[in-house]
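Student: Work out the full structure: start from the sequences and follow the hints.
Line by line, the protein sequences give chains G and R. Each step along the first sequence adds one to the number in the UniProt record's numbering, with nothing skipped, and position 169 is 169. Each step along the second sequence adds one to the number in the UniProt record's numbering, with nothing skipped, and position 248 is 248.
Keep in mind that the hints are not guaranteed to be accurate.
Given that identical chains are not distinguished, each listed pair holds provided it fits within a single copy or across any two copies.
[Stated by the list, open to error] With a straight-line Cα cutoff of 25 Å, these simulated SDA-like cross-link-like pairs (lysine to any residue) come out:
1) K215 - T311
2) K169 - T311
3) K379 - G47
4) K5 - Q18
5) K379 - R17
6) K169 - E310
7) K375 - A322
8) K126 - D73
9) K126 - D9
10) K169 - Q317
11) K379 - I34
12) K169 - H306
13) K126 - Y149
14) K126 - A389
15) K169 - H350
16) K379 - S20
17) K215 - L158
18) K215 - A382
19) K169 - F321
FYI, nobody ran anything at the bench for these hints, they're computed from the structure.
Number of protein chains: 2
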Amino acid sequence: MSFKKFASDADVIEFARQHSDLFMADEPLRVEEIGDGNINFVYRVSGAATSLIIKQALPYIRSIGEGWPLSQDRIRIEAEALQLEASHCPDLVPEVYHYDAEQCAIVMEDISAYDNLRNVMVARQKLPLLAEHLGRFLADTLFYTSDLYLDGHAKKALVQRFINPDLCKISEELFFWDPYCDHERNSINEYLRADAEQLWQDEALKLEVAQLKLKFLNQAEALLHGDLHAGSVFANESGTKIIDPEFAFIGPAGFDIGSIIGNYVLNIAGQSNLPGDQAEREDYQQWLLNGINILWNTFAQGVRQHMRDETTDPSLQQAGFADWYLSSLLADSLGYAGTEVIRRTVGLAHVLDIESIEDAQQRAESERLALTLGKLLIKQRASFNTIEALSSNLADQIFCH
Amino acid sequence: MSFKKFASDADVIEFARQHSDLFMADEPLRVEEIGDGNINFVYRVSGAATSLIIKQALPYIRSIGEGWPLSQDRIRIEAEALQLEASHCPDLVPEVYHYDAEQCAIVMEDISAYDNLRNVMVARQKLPLLAEHLGRFLADTLFYTSDLYLDGHAKKALVQRFINPDLCKISEELFFWDPYCDHERNSINEYLRADAEQLWQDEALKLEVAQLKLKFLNQAEALLHGDLHAGSVFANESGTKIIDPEFAFIGPAGFDIGSIIGNYVLNIAGQSNLPGDQAEREDYQQWLLNGINILWNTFAQGVRQHMRDETTDPSLQQAGFADWYLSSLLADSLGYAGTEVIRRTVGLAHVLDIESIEDAQQRAESERLALTLGKLLIKQRASFNTIEALSSNLADQIFCH
Chain G
1 MSFKKFASDA
11 DVIEFARQHS
21 DLFMADEPLR
31 VEEIGDGNIN
41 FVYRVSGAAT
51 SLIIKQALPY
61 IRSIGEGWPL
71 SQDRIRIEAE
81 ALQLEASHCP
91 DLVPEVYHYD
101 AEQCAIVMED
111 ISAYDNLRNV
121 MVARQKLPLL
131 AEHLGRFLAD
141 TLFYTSDLYL
151 DGHAKKALVQ
161 RFINPDLCKI
171 SEELFFWDPY
181 CDHERNSINE
191 YLRADAEQLW
201 QDEALKLEVA
211 QLKLKFLNQA
221 EALLHGDLHA
231 GSVFANESGT
241 KIIDPEFAFI
251 GPAGFDIGSI
261 IGNYVLNIAG
271 QSNLPGDQAE
281 REDYQQWLLN
291 GINILWNTFA
301 QGVRQHMRDE
311 TTDPSLQQAG
321 FADWYLSSLL
331 ADSLGYAGTE
341 VIRRTVGLAH
351 VLDIESIEDA
361 QQRAESERLA
371 LTLGKLLIKQ
381 RASFNTIEAL
391 SSNLADQIFC
401 H
Chain R
1 MSFKKFASDA
11 DVIEFARQHS
21 DLFMADEPLR
31 VEEIGDGNIN
41 FVYRVSGAAT
51 SLIIKQALPY
61 IRSIGEGWPL
71 SQDRIRIEAE
81 ALQLEASHCP
91 DLVPEVYHYD
101 AEQCAIVMED
111 ISAYDNLRNV
121 MVARQKLPLL
131 AEHLGRFLAD
141 TLFYTSDLYL
151 DGHAKKALVQ
161 RFINPDLCKI
171 SEELFFWDPY
181 CDHERNSINE
191 YLRADAEQLW
201 QDEALKLEVA
211 QLKLKFLNQA
221 EALLHGDLHA
231 GSVFANESGT
241 KIIDPEFAFI
251 GPAGFDIGSI
261 IGNYVLNIAG
271 QSNLPGDQAE
281 REDYQQWLLN
291 GINILWNTFA
301 QGVRQHMRDE
311 TTDPSLQQAG
321 FADWYLSSLL
331 ADSLGYAGTE
341 VIRRTVGLAH
351 VLDIESIEDA
361 QQRAESERLA
371 LTLGKLLIKQ
381 RASFNTIEAL
391 SSNLADQIFC
401 H
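Tutor: This is the structure in structure tokens:
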């Protein structure tokens, strides 16, 4: 049976029954198309007591149509990345029940018990385990897919398996080029126009961004999620699920760490002008800054522990190596955090954390703060010895604003 | 016809006739096995007026036998690397007449009009175009296979095509591990033993080497030759041919540049104790130091020119980017030069430039100088703004020794 798009609810239900044992044979099932926004078709199939998700990749972008073709290899990459992540931190990703290469479809765990982190943060909900879970996800997925753990043959096989040029191309342009020039794809608040124009003249900044881009293009360090923004995270009081790794490829570890830190920073910038009590908003900003500390420290401690226990390459066990590695990685991570903050402010895709500020002038205030923080993160990325030094510097910018 | 080792001269001759039009049908041909030393079988097939080379890769290392298996994919990699290099600088590599995937064999140009650079340097022959040719080879092969020139899809396809784990593994161990510990594979002059032991205690050095190793493992920057020592270069008064790229893979550009600079430095260290007139030896050392300058400056000017004319990624055209790129690359190159110098002095494979000093105590003098220069290159690699600053620092070490 060669590939065809699911044409009806009946097709989806049949596929669900065929590839999972969640439902009873005579149980009536219903389907809703929930979408993941842009790229793929996503369906929830529900019975009386249980449900699952089916995600199907078409040879083009869902929201645009056949005019923007996109390799279906992305769904293989997503399935294999989810399975690989699950082998290291099974509690932090949805379980894959079945991957169907022919139909370009994944049958997987429904995570509707969790809320999208974007909404969680806009609603100023404090999830006690979130930052720790994110730090552990990063430590496990990045360490176990790097040369710190794998031998040369295994690592190089992984590089080959996760070559992902179509989706990398999207990031290469949206993160590292569009926001730094007057690109037609950009979306810019009219009250921020002057700031954007200033950004485009900032030659020192653009040189730093070019360096980060080159590293994104050619540092094959670890298997990245590749799209680790708040919308790819679902969480509640007790658990966290990280979804949608279709941008996965072997790249610089700091890109994943920076993407999620950047999303903390974006919400912080939004909170300055979101509706609600000021004290409550500032308290949440403080909570997020502390979350950045917890996230990085959990990551760094996890990697240190793994290196102590599981790095087998004797060269990389050298005294001082872990310190050097983590300090370079902190600099990379902050740089990539800055590129995420900037591209979400003047680039194509914005975030609800700032977009939900209705008044355009007030929104520009938060956007201006985001640009300030983004530039700081990029330009000063190598100057922070600890994450606490960074977060207290950010606090100065935010609360003295 | 499936793979079989050429069993006789007649087999080799038949293969030569079949896959080139160099010879006349009734022309008597003769075969000599010339070997490339270690890994493969290499034959010269000669007629009355002309000759060619056939290189066949067996599934194991020639000099060791079936006990050390090695993937035959290396001959595909060598053929494809030669062809790719030829597309950028055809005058600097032997022409491939035919690559036979089935027989794991390459039929190629005979370069016996050129001398092996190792012997040229031991004999203190000054070839006027050598350094310039090496610099141009590096500029062309490294630029055109990097993200400075290729778009993302083409670059990633190249990464995939040149995954070369077996041969990378050899370098990973021989360059970055063995020489820094009391490894059974090492070969150490008894009069150098104390120096080697001191090297193994040099924690600061070993930390720098670990950083260079990590970069070797995961920086997918450009297609490297991968084994660019003096023995891989053939040259005469008017031309240069670079052979044997079976270690080719997409790695850090500084590794190739550093390998060949390291071989200049090794000869310099040897000249201090090789037989012959002191003034003549010092003059040659000076000539080599100047050659390092010419090599790097030819490379750097070539890359600058290519970037100006042919880099299409607008981010990488940013003002200041070429300066930053070349200055990082100089540091990398010097670091890798240092690892080449050290591994050729206390590691498994030594060089004639030093080995031909017959007296073991005198040889240890040159080896000690090599270790001093190697350590300087690694530890101070980031402190030289120009290649002239480096070579004058080396001169201080050599002539005040």
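Student: For every hint, state whether the structure bears it out.
Tutor: For each hint, the structure was consulted:
Taking the closest pair of Cα atoms, K215 and T311 come within 25 Å of each other both inside a single copy (24 Å) and across two copies (16 Å). In this assembly of identical chains, the alpha carbons of K169 and T311 lie at most 25 Å apart only when taken from different copies (17 Å versus 32 Å within one copy). Taking the closest pair of Cα atoms, K379 and G47 never come within 25 Å of each other, the shortest separation being 52 Å inside a single copy and 65 Å across copies. Taking identical chains as interchangeable, the C-alpha atoms of K5 and Q18 lie at most 25 Å apart only when both belong to the same chain, with a minimum of 16 Å there against 51 Å between chains.
Taking identical chains as interchangeable, the C-alpha atoms of K379 and R17 are never at most 25 Å apart, the minima being 53 Å within one chain and 63 Å between chains. In this assembly of identical chains, K169 and E310 lie within 25 Å of each other by CA distance solely across copies; the values are 20 Å between and 34 Å within a copy. In the homo-oligomer, the alpha carbons of K375 and A322 lie at most 25 Å apart only across protomers (22 Å), although the nearest pairing inside one protomer, at 28 Å, exceeds that limit. Taking identical chains as interchangeable, the C-alpha atoms of K126 and D73 are never at most 25 Å apart, the minima being 37 Å within one chain and 55 Å between chains.
Taking the shortest alpha-carbon separations for K126 and D9, neither the intra-copy value of 38 Å nor the inter-copy value of 79 Å comes in at or below 25 Å. Only between protomers do K169 and Q317 lie at most 25 Å apart by alpha-carbon distance; the minimum there is 18 Å, versus 35 Å within a single protomer. Taking the closest pair of Cα atoms, K379 and I34 never come within 25 Å of each other, the shortest separation being 40 Å inside a single copy and 57 Å across copies. Taking the closest pair of Cα atoms, K169 and H306 come within 25 Å of each other only across two copies (23 Å); inside a single copy the shortest separation is 32 Å, beyond that limit.
Proximity of K126 to Y149 under the C-alpha cut-off of 25 Å is found in neither arrangement, the shortest distances being 34 Å within a copy and 47 Å between copies. Only within a single protomer do K126 and A389 lie at most 25 Å apart by alpha-carbon distance; the minimum there is 23 Å, versus 56 Å between protomers. For the identical chains of this complex, K169 and H350 are intra-copy neighbours only, at 19 Å inside a copy versus 44 Å across copies, given an alpha-carbon limit of 25 Å. For the identical chains of this complex, K379 and S20 are neighbours neither inside a copy (50 Å) nor across copies (58 Å), given an alpha-carbon limit of 25 Å.
Taking the shortest Cα distances, K215 and L158 sit within 25 Å of each other both inside one copy (18 Å) and across copies (17 Å). Taking the shortest Cα distances, K215 and A382 sit within 25 Å of each other both inside one copy (15 Å) and across copies (19 Å). Only between protomers do K169 and F321 lie at most 25 Å apart by alpha-carbon distance; the minimum there is 21 Å, versus 32 Å within a single protomer.
The structure shown violates the earlier hints numbered 3, 5, 8, 9, 11, 13 and 16.
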